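Going down the list, the protein sequences come from chains A and B. Numbering follows my numbering, with no gaps: position 113 of the first sequence is 113. Numbering follows my numbering, with no gaps: position 90 of the second sequence is 90.
To be clear, the hints were calculated from the coordinates, so they are not data collected in a lab. As the structure is a prediction and not an experimental result, all values here were calculated from the model. Certain hints may be false.
[What the hints assert, rightly or not] Derived SDA-like pairs (lysine to any residue); straight-line CA-CA distance at most 20 Å:
#1 Lys132(A) - Phe41(A)
#2 Lys94(A) - Gly40(A)
#3 Lys132(A) - Gln104(A)
#4 Lys94(A) - Ser115(A)
#5 Lys97(A) - Leu61(A)
#6 Lys54(A) - Ser191(B)
#7 Lys132(A) - Gly81(B)
#8 Lys28(A) - Gln195(B)
#9 Lys28(A) - Gly81(B)
#10 Lys94(A) - Lys132(A)
#11 Lys54(A) - Ser193(B)
#12 Lys132(A) - Thr60(A)
#13 Lys28(A) - Trp185(B)
#14 Lys54(A) - Ala81(A)
#15 Lys28(A) - Leu92(B)
#16 Lys54(A) - Thr65(A)
#17 Lys28(A) - Met67(B)
#18 Lys54(A) - Leu171(B)
#19 Lys94(A) - Thr117(A)
#20 Lys54(A) - Asn200(B)
#21 Lys54(A) - Phe194(B)
#22 Lys97(A) - Asp129(A)
#23 Lys28(A) - Trp167(B)
#24 Lys54(A) - Trp185(B)
#25 Lys97(A) - Lys54(A)
#26 Lys132(A) - Gln195(B)
#27 Lys28(A) - Ser93(B)
The primary structure of each chain is shown beneath.
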Amino acid sequence: MRNQRWIEVSVGAFMLLGLAALLFLAFKVSGLAQTSERNGFEVQACFGDIGGLKPRSRVTLAGVTVGRVAAINLDHQWFEACVTMQLEDSLVNKLSKDTAAAIQTSGLLGDNYISLTPGIDEAWLAQGDTLKDTQSALILEQLVNQFISNSTRD
Amino acid sequence: MLDWLASLGRYGLNLTSAFGRSGVFIFQSLAGLPKTSEAFTLWLRQIYSVGVLSLIIILVAGLFIGMVLALQGYTILVDFGAEQALGQMVALSLTRELAPVVAALLFAGRAGSALTAEIGLMKATEQLASLEMIGVDPLRRIIAPRLLAGFVALPILTIIFTFVGVWGGWLVGVDWLGVDEGAFWSNMQSSVSFQADVLNGVIKSLVFALVVTWIAVFQGYDLVPTSEGISLATTRTVVYSSLAVLGLDFVLTALMFSNL
Chain A
1 MRNQRWIEVS
11 VGAFMLLGLA
21 ALLFLAFKVS
31 GLAQTSERNG
41 FEVQACFGDI
51 GGLKPRSRVT
61 LAGVTVGRVA
71 AINLDHQWFE
81 ACVTMQLEDS
91 LVNKLSKDTA
101 AAIQTSGLLG
111 DNYISLTPGI
121 DEAWLAQGDT
131 LKDTQSALIL
141 EQLVNQFISN
151 STRD
Chain B
1 MLDWLASLGR
11 YGLNLTSAFG
21 RSGVFIFQSL
31 AGLPKTSEAF
41 TLWLRQIYSV
51 GVLSLIIILV
61 AGLFIGMVLA
71 LQGYTILVDF
81 GAEQALGQMV
91 ALSLTRELAP
101 VVAALLFAGR
111 AGSALTAEIG
121 LMKATEQLAS
131 LEMIGVDPLR
141 RIIAPRLLAG
151 FVALPILTII
161 FTFVGVWGGW
171 LVGVDWLGVD
181 EGAFWSNMQS
191 SVSFQADVLN
201 GVIKSLVFAL
211 VVTWIAVFQG
221 YDLVPTSEGI
231 SLATTRTVVY
241 SSLAVLGLDF
251 VLTALMFSNL
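One chain only, chain B, in its complex shape:
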């Protein structure tokens, strides 16, 4: 009984100290941000690896989600003779929910796990320690560019996801199922508002970007430097960031769209 209580206490302490470490970690990497052209080059390189290389999966997923939405929405709406509302349905569900959430989940799987594994391997092979030895702060050199690249890349990917999704919905709805094109766009334009829907979706994706990259980079930096530790940390990155994205999405939706 006492052992059980002690293990619970140890778990709580570990959890709290991990939160504290991650807070100090993100503060230190963002506080000492170098403003040289070399830092800019490092940042560009990271945007390439987390953003440009994730583009394919985002494009394909967005296209198919938009097409499926249009197909499903059409079969339901046509029962009420309201298939003109298809554009509105596709665009609203994409801008408000699906694009930020699905793009963040894909980003966690595609880019987050790669970040964790990369930084973890650097730690396991003591590259981080040797950087520190030659007087280069690994937080500034390795971590900060990756964090910033994640913050920038995911919102852009989300916007592209929405665009491709709407296009996919148009392809299926208008081109294939024969919904009137003018009604498709005019219903969409009269119900989607730029501030309330598009910008709120972008704000959502900014929050998700922060959380996912933070979790990914911290898991990589904080892992036990063994091969088992790396695999554990990579799994944790995907699981934790997916859970965080889904949980935060509910909170953000409640704040943004429920008119409490």
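This is chain A alone, in the form it adopts within the complex:
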């Protein structure tokens, strides 16, 4: 049997480890408090329908992940979903002001993400700008509905 001091220290470390693991489960796994690291710059875009987009969803440019969705708020004037995106610092003064944002789905059942398409404007996007050219999420059920009603009309 080891000495008393060692036992006390190791039991204390054991309990601390348990507590740390519980905190990890609370905050990181079940997301009790959303933590967001503040790096990069934020731009906004408002969509008519965001489908299944969630905070922390991906923002891609040419298929490469360049940022995350930071927050989603409802605009009470036009009832649109205004999405705040956090883009990488390296894209400051690289993206034109008329960059387009579209919500797309990865695969048939996959997650929604925002895909950016650069425009041709000379002015650059900066912190807090709003993207004007947006395209809402394609909702599969609506497409199927449209397809069925069109084909029955013929």
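The hints should help you fit chain B onto chain A, whose structure is shown.
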């Protein structure tokens, strides 16, 4: 025929009296709980031997179960293009089922059998009887600290198991197989709820801790004091507590997650 009936009756009576004895036993050891600093020291020592010394096997098992879950889940989910749901799958199966059950099974094998053998040997070498002779209640001195240490240690081990398992799943899923990290965590966070999943898992492990330590300690205290009796009781501890954990898990899952 009559002999067979008599043996069945004897078996039933023995079983009932064993249940009764174990009930009286756990009540007596928990009722007369000493609140001195010496009792605290004994309790610490037991947490060390059932908790800290079981840590290695829990860490390794948790890591590998998380990694295997991620690997298997990925190969299935990627067929549907839904590999982003990997985090959710790993975390939910760990918090709800795998961590409480597997940690309890490992605990029964690692710590439960040791408890039974230790107390059994104390009884066989008449240490318990001599304690009673000098006026120390063995239930308070020997049994109570072990019971309490088991109740505390297994939930902590389960939480650590879940943590390591999720980390292992992240290691394989994100680091190796290339699932998007944000989707991994955000899907996990949007589907795992702290009250419904994490806390229910901890409640499960509390129940398992109670059952496993109770069985282990009682088997040790109640055995036939021979070397054969000790080996029989140790086997019984592992078998009974594994069966009890698996059976109770079904009942608890039905109560907690099925929305009856």
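Which earlier hints turn out false for this structure, listed by number in ascending order? Violated: hints 7, 9, 18, 20, 25 and 26.
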